[in-house]
Every structure is written in C-alpha cells, then in structure tokens.
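Visitor: As a plain string of letters, each chain reads:
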Amino acid sequence: MFAHTTLTHAFTLKALSIAVLVAAGGSVAGPAMSDDFYEGKTIEMVVPFGEGGATYVAAQFLRPFLEKHLPGNPRVDVQTRPGGGSILGANWFEQNAEPDGETILFTTSSTSNPYVLDMEEVEYDLAAMRPAYSLPFGAVIYVSPNTGIDSPAGLREPDMPLIYGGIAAAASDLPTLLAFELLDLEIQAVLGFDGRGPARLAFERGETNIDFQFTPAYMSQVVDMVEAGSAVPIMTGGSVGDDGVLSERDTAFPDYPSVHEVYEELYGEAPSGVEWDAYQSIGAATFNYGLTAYLPEGTPDEILDIFEETIAAINDDPEYQEQSMDAIGGYSLLPASEVTESLREALQPSDEVREHLRTLLAEEYDVDF
Amino acid sequence: MLENIASALVILFEPMRLLALCAGMLAGMMFGMLPGLGGVAAVSILLPFIYLMDSYSGLAMLLGAISVIYTADTITSVLLGAPGSPASAPTAIEGHALARQGKASLALGVGFLASMIGGLFGALILSVAIPIAGPLVLALGTPELFMFALVGLCFAASMVGKDIAVGLATACFGILLGVVGAAPAAANYRFTFGQPYLMDGLSLPIVALGLFAVAELIGMVASGGGIAGKQMPLGKWGESFREFWRHRWLVVRSSIIGIFGGFVPAVGASASTWIAYGHAISSTKDKRRFGKGEIRGIASSEGANNATIISDLVPTMLFSVPGGPAAAIFLGALFSFGFYPGPRMVSETPDLMYMIVWSVALASVMGAIICFAVTPYLARLTRINFSLIAAPLLLIMVAGAYQGTQTFGDILALLVLGIIGWLMKNANWPRAPVLVGFVLATPMEQYFWLTTQIHGVTWLTRPGVLVIASLIVIPMLLGLVRKLRRRRASTAGSPSADHSPPGDSDESPRDSTILLITAGLMVVAFAYASHEMMGFRSNARLMPAMGIVPGVLLSLYILGRQLYRLRRDGKVIHLDSRQQLPVLGGILAYGAAMWLVGFSLATPLLLAWLLLRCAGMRLGSAALYGLIVYVAAQGLFILMRITPPSGTLFTLPMPW
Numbered sequence: 001m002f003a004h005t006t007l008t009h010a011f012t013l014k015a016l017s018i019a020v021l022v023a024a025g026g027s028v029a030g031p032a033m034s035d036d037f038y039e040g041k042t043i044e045m046v047v048p049f050g051e052g053g054a055t056y057v058a059a060q061f062l063r064p065f066l067e068k069h070l071p072g073n074p075r076v077d078v079q080t081r082p083g084g085g086s087i088l089g090a091n092w093f094e095q096n097a098e099p100d101g102e103t104i105l106f107t108t109s110s111t112s113n114p115y116v117l118d119m120e121e122v123e124y125d126l127a128a129m130r131p132a133y134s135l136p137f138g139a140v141i142y143v144s145p146n147t148g149i150d151s152p153a154g155l156r157e158p159d160m161p162l163i164y165g166g167i168a169a170a171a172s173d174l175p176t177l178l179a180f181e182l183l184d185l186e187i188q189a190v191l192g193f194d195g196r197g198p199a200r201l202a203f204e205r206g207e208t209n210i211d212f213q214f215t216p217a218y219m220s221q222v223v224d225m226v227e228a229g230s231a232v233p234i235m236t237g238g239s240v241g242d243d244g245v246l247s248e249r250d251t252a253f254p255d256y257p258s259v260h261e262v263y264e265e266l267y268g269e270a271p272s273g274v275e276w277d278a279y280q281s282i283g284a285a286t287f288n289y290g291l292t293a294y295l296p297e298g299t300p301d302e303i304l305d306i307f308e309e310t311i312a313a314i315n316d317d318p319e320y321q322e323q324s325m326d327a328i329g330g331y332s333l334l335p336a337s338e339v340t341e342s343l344r345e346a347l348q349p350s351d352e353v354r355e356h357l358r359t360l361l362a363e364e365y366d367v368d369f
Numbered sequence: 001m002l003e004n005i006a007s008a009l010v011i012l013f014e015p016m017r018l019l020a021l022c023a024g025m026l027a028g029m030m031f032g033m034l035p036g037l038g039g040v041a042a043v044s045i046l047l048p049f050i051y052l053m054d055s056y057s058g059l060a061m062l063l064g065a066i067s068v069i070y071t072a073d074t075i076t077s078v079l080l081g082a083p084g085s086p087a088s089a090p091t092a093i094e095g096h097a098l099a100r101q102g103k104a105s106l107a108l109g110v111g112f113l114a115s116m117i118g119g120l121f122g123a124l125i126l127s128v129a130i131p132i133a134g135p136l137v138l139a140l141g142t143p144e145l146f147m148f149a150l151v152g153l154c155f156a157a158s159m160v161g162k163d164i165a166v167g168l169a170t171a172c173f174g175i176l177l178g179v180v181g182a183a184p185a186a187a188n189y190r191f192t193f194g195q196p197y198l199m200d201g202l203s204l205p206i207v208a209l210g211l212f213a214v215a216e217l218i219g220m221v222a223s224g225g226g227i228a229g230k231q232m233p234l235g236k237w238g239e240s241f242r243e244f245w246r247h248r249w250l251v252v253r254s255s256i257i258g259i260f261g262g263f264v265p266a267v268g269a270s271a272s273t274w275i276a277y278g279h280a281i282s283s284t285k286d287k288r289r290f291g292k293g294e295i296r297g298i299a300s301s302e303g304a305n306n307a308t309i310i311s312d313l314v315p316t317m318l319f320s321v322p323g324g325p326a327a328a329i330f331l332g333a334l335f336s337f338g339f340y341p342g343p344r345m346v347s348e349t350p351d352l353m354y355m356i357v358w359s360v361a362l363a364s365v366m367g368a369i370i371c372f373a374v375t376p377y378l379a380r381l382t383r384i385n386f387s388l389i390a391a392p393l394l395l396i397m398v399a400g401a402y403q404g405t406q407t408f409g410d411i412l413a414l415l416v417l418g419i420i421g422w423l424m425k426n427a428n429w430p431r432a433p434v435l436v437g438f439v440l441a442t443p444m445e446q447y448f449w450l451t452t453q454i455h456g457v458t459w460l461t462r463p464g465v466l467v468i469a470s471l472i473v474i475p476m477l478l479g480l481v482r483k484l485r486r487r488r489a490s491t492a493g494s495p496s497a498d499h500s501p502p503g504d505s506d507e508s509p510r511d512s513t514i515l516l517i518t519a520g521l522m523v524v525a526f527a528y529a530s531h532e533m534m535g536f537r538s539n540a541r542l543m544p545a546m547g548i549v550p551g552v553l554l555s556l557y558i559l560g561r562q563l564y565r566l567r568r569d570g571k572v573i574h575l576d577s578r579q580q581l582p583v584l585g586g587i588l589a590y591g592a593a594m595w596l597v598g599f600s601l602a603t604p605l606l607l608a609w610l611l612l613r614c615a616g617m618r619l620g621s622a623a624l625y626g627l628i629v630y631v632a633a634q635g636l637f638i639l640m641r642i643t644p645p646s647g648t649l650f651t652l653p654m655p656w
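Those protein sequence lines, which keep their order, are chains A and B.
To convert, note that position 87 of the first sequence is 87 in UniProt numbering; the numbers rise steadily by one, no gaps.
To convert, note that position 64 of the second sequence is 64 in UniProt numbering; the numbers rise steadily by one, no gaps.
Where hints are given, some of them may not hold.
A few chain A residues facing chain B, derived, Cβ under 8 Å [what the hints assert, rightly or not]:
| # | residue |
| --- | --- |
| 1 | Phe61 |
| 2 | Glu120 |
| 3 | Pro158 |
| 4 | Pro161 |
Here are a few chain A residues that face chain B, going by a calculated C-beta distance under 10 Å [what the hints assert, rightly or not]:
| # | residue |
| --- | --- |
| 5 | Glu51 |
| 6 | Pro74 |
| 7 | Asp77 |
| 8 | Gln79 |
| 9 | Gly84 |
| 10 | Glu123 |
| 11 | Ile167 |
| 12 | Arg200 |
| 13 | Glu264 |
| 14 | Tyr267 |
| 15 | Gly268 |
| 16 | Ser272 |
In case anyone wonders, no lab produced these hints; they're calculated from the structure.
Positions of the beta carbon are idealized from the N, C-alpha and C atoms, including for glycine.
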C-alpha cells in the first residue's frame, strides 16, 4: 500500500502542475471582474444520491475547498435528492435550477448512462448543461488467484469459469461489461447485488472470482487483499489522453494497463469499431469524468471562468493534495476547459453506438427500455 | 487490548464528546418517538452538524442517536399503536394491546430493558469484530442470506391471525408492494407506470407510516377524546422488572437473532425482529395471547431490533458494507473524517473501535434510563383530546415522508397507503403481514436469484443453509407433535376458530361495506397486477408471481365469501367507519391543497380545520396553538434542510 501511495502521489503532483499551468494560462485572459461574485451567497450542491454514498462523501470532501477558494467565500450546502437511481434529483435540477451559478448538480455515470441510453424517465438534457469541473473516479479490475490469472493475457484462458458480480447492466457495471464484451472474454455476469460493497464481499467469500472497485474502495479494501495474495489486479478502465481517447493509464494506478492497452496486447492492434466507441463513450463518462459538477444550461461564461480559476487554486492547495490521497485516490480536479468537449462527445455518441448499446443491453442483459 | 479499552473510555469522557453523545441521544430519542421518522431521519439531520466537531465527537453524536432509536420508539409503539419505526411493528401490536388493558408500564418497562440488553449485546459483538464477527459475516454467503429472509417470512406467516385467507392475502399484497420498482434479476421496472418516483420502489418508512400511522390518526381524530379512550393508568414499573427477569433468556436469544440480522445487508432489522417475534411465538406454550398483548412478543422484538441496528456496524466497520440505512450514513461520516473502514482500520485504530463500543454501550443504558424517566410525562399526552396531538403528528409524518425524495410522490404515496391502511383497519384485516411481505420481497428475490446464478442447485447442501433451514423445520415439527398429542388428549372439541360456523367467527365487529370495498379493491389490484406481470421478463416474474397468483385466488375467495355472507345474513353492518369519513376526506383535501398551493399555505387551513372543527377549540387559543405548531413544522423542515412541498399553482413565499 505504502509504495503505492508514494508512487501515485509523485505522479499526481506532476499531473497537477501541468493542470495548474494550463489553468493559469487560461485565467490571464479571463475577466478579473468577479473578486467577490459569491460574497454572501450560498451555493446549493445537489447530490442525487443518499447521504453517506460515495458521491455525497466526495461532495463533502470538496465543500470546504470550494468555500475557501471561490471568490467571496460563499457557503456551500450539500443537498441530497435521492430517488430513481439519481434520475429524480437530476430531473429536479433541470426543472428548478437557475443559471446563476448558485445551484450545482454533482453526480456520476448513474445520471449520464440513462441519458446516453435515452431512457424514458430522463427529463434532463445533460449535454446542454455546462460542466464546471470533474473529479476522475478510476476503477481497477482484479481477479481471484484461484483463477490462475496473473496477467491480462490470462483472462482468455482461466483455470475456472469466471463469475462477475454486479448491480445492474444499465448502471455502473456498464463500462466493465462493455470492456469484457470488447475484449471478447467468457465471463458469467451475475447481476442483482445491492452495491459494489456486497459484490466485493461475494468476491471475498469466493462466490465470484472477478470484480472491480472504484479507486476509494480499492484503496481501503482491495489493496490489503492484493498484499495478502487473495486478489490479483489486472487492469484499469484507463483515462482520457490529450487526443481525447480513453487509452492512457489511470493516474492513480500507473502500474496497471488500461483496457485499451490490454486490447492491443491481446489482439495486436488498437481497438476500433462500434464496440470500442461504446466502451469509450460510457467508460469516459464513468471513469475520467466520474464525478462531474454541472451548471444549468445557459450559465454565463463569467461564472465558468470563476470556476476555472477556483479549480486551479484548489489543485494547487497543499492541503487538498495531502487530503485527496486518502479521500478520493489522489486525483486532481479537471477544470471545465479540459472536460467540456470530450464529455459532450461522450454524452452524445452516434446513433449507431446508441443502438448498439440498447440492443446489447436488451438482448444480453434483459434490460427493458 | 485492555489498555485500549481504557484509553478509549478516556477519549470518550472528554466533556465535549460526552456532550455530543448526549445531544445525539436526545435527537435519536425525539426522532425515535416521532412515528415514521426513525433512525435514518435522526442520523441524516445530525450529519451536517458533525462536520463542525472533531472526529470522535462527531461519531459519538451519530452513535448516540443510532443506539437509542429503537429504545425510544417503544414509547410511540405502545402508547399510539403506530410503530415508531417499521422494525417495531410487533411491539406496536402487543404493546398497544397491553396499554389498552392499562398495562402500559409493563409493556414499556420490558421494552426498554430488552432494548438495553439488545444494545449491550450489539456492543459486545462489535468489540470482538475482528476475531469473531468478521469471519461470521464472511461465512454467510448469498444462499445463507436467502435462507435468512425465507425464515423471516415463514416466522411472520405464523402471525397472520385467525382468518388465514385474509392474513395470507394481505401478505401477498405486501409482496406486491415490495416488487414495485427495479427487478434485481432482470433490468425490468415493475409497476412503475412510467413514473421515475417508483423506480426505486416504495420506501419502507412511507409504507409503515401510511398503513399504520395515518389510519390510527384518522380513527383517533374521529372518535375524539384521548388515545386511550379513558385515562390510561401507567401502572407500576416493578412488575415490568419482574417480567423482564422472567423472560431474560428469551431476550438474550432474541438479541443473538438480532445480531445475525445485522450481518445480513438489506434484510436487517425488520426481518430479525419478525424472526425473533416468531421465535417468541413458537417457544411459548400458550399462544392465545399473541396479538392481544403478549409481553413475550415485546421482549423478543425489542431485544432483536436494537441488537440489529448496532451489529449493522460490524459489516460497516470491517468491510465498509453498511447493513442498514443508518449504518450507511455512519459509513459516510467515517469516510468524511478520514477513517477508511476495513480490517486494517479496526486493528490499527483500536481506540476508535472501542470508543464506538463504549458510545453504543453507554447510550444503550442511558437511553433506557431516560426513557423510564420521561414516560410518565409522555403518558399524560394520551389523555389530551387527540385532535390536538393529531395536528403536529400529521405534519411530522408529512415531513418524514417528504424527506424520502422531496417530490410530491412522497405525499401521494403516503396518502394512498393511508387510505389502504384505513380500509384494512376498518375491515379488521391485519396490516403487519403487509409490512413483512413488503420488507422481505426484495431481498428474497435478490438473494434467490444470486444464489441460483452462482451456485446452481448445490447451494441446498451447504451446511449454513441446512442449519438455518432447521430453524424452520424443527419448530414446525415440534408444533405438529404438540398438536397431535393435544388432539389425542382431548377428543372433545377444542375452541378452534376453524370449526365454528363462519358467521360467528368474526370476533371483532367489521364494517361490511368497508370489507366489501376492500376485498373488491384487492381483486382489482391483483387482477391488474397479474395482467401487467405477463409482460415481464421471466426472471423478473418469479417473485411477483409468488405474491400475485395466490393473491388473485385468495382475494376472489374473500370477496365471494363476503357476498355470500351478505346474502345469507341479509343485513349490512355499519360501524363507526362512517363517522371517520369526514376526517379521511379532510386529510385527502389537505393533500390536494398541498399539491395546489403548497405546504406553507395548505397547513394553516388544515390547522384551522383540525383545531376549530375537530378539537372544538376557541378561536384565540386555536390561533396561538396553531401558530406554535406551524412555526415548529416550518422549523423542522429548516432543520432537515429541505424546502417544504411547493404548490403547482401558487407557493407562499417564505421569509427565509
């Protein structure tokens, strides 16, 4: 665990300084009008999940840093609006939030996947909203040593049938299932667990033998298992590179290959086609832009510039760097300038990709649209 | 280890932390007592405040609340007959019956003491989390979890009451309510009518509030007078200590059942309470008093529910998998303070672990003491004209329901379930089986599906499964043997309900019109459900079918039986349900007004109607009292940091 943290930390710091440079460059051009834009105001940060969930915890973690670095030091209020797997809270935000920078929707792929899949209950237009910042939410896929797998190549010839435990195909399991699909792996997916925690418990009990965990849970739970030899890390979802492709290694886990790399290793060429596009779209929204703060459609550029500067300042804050390691896996925040374009692309895949996703989910995973 | 135990006590005994613990306890007691709000509400209201304190104080505050909720809600359950939280339904049934017999103090005293023991057992299991509890949690695979839910359902079935057809039909209706929302097996949304509100299914607090509290409230407002009808003597505490001591082993066994309940995610408190209650029934020779005020029912369920909510913390602390909703919030708090739950946290920060154990133990004991102290004062409330209490109570229930998703769906669900509960109450149908079916439908379906997917059919031979299965089979065999022996002993007719002529079997009076309407509605609901069920994917159809198919048959049988009786007797019995109609109408009108003009404007109208019309207060005092209640209700919303329901037409702007 320890070697791990230092390694990642060094890497994060590098990534961070780059981000700071980029952001600093951007802020020179920005208007300097708003020194006290938020003075005396309260920002309502809407989390469409219950108290105590990963998104709520991340929001509470970011809250003091936003209060400290936003001009005018506003009060930030974290408001939970759970229900409908985050759809209710997002619908509420679409209908009620004013584009004045005082209401923010802070959410995950649970909100973006139903949007991408064009589900009936969705009343929000996520692609029209303006992302203010993102926090990457990486994930590591690992297997049980009983499977005899010790490298990505082993995934195709396991000693025993692979069983994966998940929640629901159309929820946060989607990118993992798409990765299995892309890599053409023989894996029995058992869906219906209550959350990633219970799924991990089933892995620990030996009921399943391949699993994935998001970075915070991986750090606190799985790293120990890896050390004890009861779990073998294989790959990560990857992160979006400068070219906008989900091919780079996860900054928190530079030792493990990304799905993109694993494909190259197994098949000798870079992945392409509709299966890759589907994975890229869903994977980017789940991992790289895992936790994203959205401002309502029509929010003026000045407010986005304020956030751009604030995010750079937070990334620069030594306190943030120190605390983010344990709390969120040491990722630095991505400012809007790095998020907006590729996130919009991920949220609006081609009709072909959307159709592929819907057919796959309906036929393989019994999803009813 | 010993030094950690001592140093943890030193940590906790810092004035600030003790104060936080006490503040948490007070909040927990208040919210435990308010019907339907329960643990989640208390903990989520406290959550923003813990960020103002140091980590140990913040956690102590949450633990204080968590540990006393199931102690305090005994008061509501016994005095009001409406369960303070769903896991207290057995207490409400037995305890309220005792209260009506003037034995409230007996019910309360045994309840408090059993809760305390349950809490202490929970603390004990927490202190041996690593060597004992952790391996136990890992030993429970999905097949064992499924069996646990199944045992819960079987034990609950033992309390369907005399009219077996009605009891089973209501349990089936509970299953129907429970399968609303996303199916675990196939990504099918069932009975959601395209409403995102229903995608997560109905929430347990709203179902419990609607079925029990709304119906009780309507009945009490309509009948006027106090809760007990006449002055309810509390009685002396002495008897309760003696009774508690007599049933001490039952309490211990129930606490152990409760501890296992805490290890099972999702099934948790509700199932273990019913299992413990079922255990109390099967271990009692004379079962006739169950449902009419059996102290063993209270001892078992209170011992179990408090043990569960605390042993919920074991999977939370060791595996960061919360066993219940309150534990989930506690988990979030741990994260926020930079504690990352796992075996490492437990072994590397023993001070934290034992601080938690001490907080829980201390709060359990102090909670029981405080409950003993405040009950005499609360009992006086039962003598006041109920319309006066009904006003704040209804507003609290609205706030409790509305914190679910903060959409009007919460209010609508509360009202619809309230009507159902009212109909069932006046038809004299048992409502507890609905709650059991509702609670256990989802975990049973989920675990059955996971089990068969992962293990095929081999799960049936797992030792854990066989052990748990023996919990069902052995009492059943014992019961059978006992029955045979008794039959051999006395061939002369025993006063069994099944053999008496059907017309006279109704011991309590029923309103035939209401009964007819209820039975008719059941037929319609089940028929519609079976129609829609045909469209589900096969994996999503199994569990609903288990409720719907027998539901259709049973409700048709009940309806037919009722029509036949009506024709035979040729008379329609009307009871006081008719007098209750205006109250029901008033509450529905309040719901409609809330939809149109919002909470802030609809509530004064409700208060005026309740205080002036129903309670017959004079204008001046009504205005003063109404104002206090109104301000308190608005304050509650502010405290919970949610905006009260706003109207579609108009919303009264609030100065804050």
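Visitor: Starting from the hint list further up, note which numbers the structure goes against and sort them upward.
Guide: Going through the list in order, the structure violates hints 3, 4, 6, 13, 14, 15 and 16 and respects the others.
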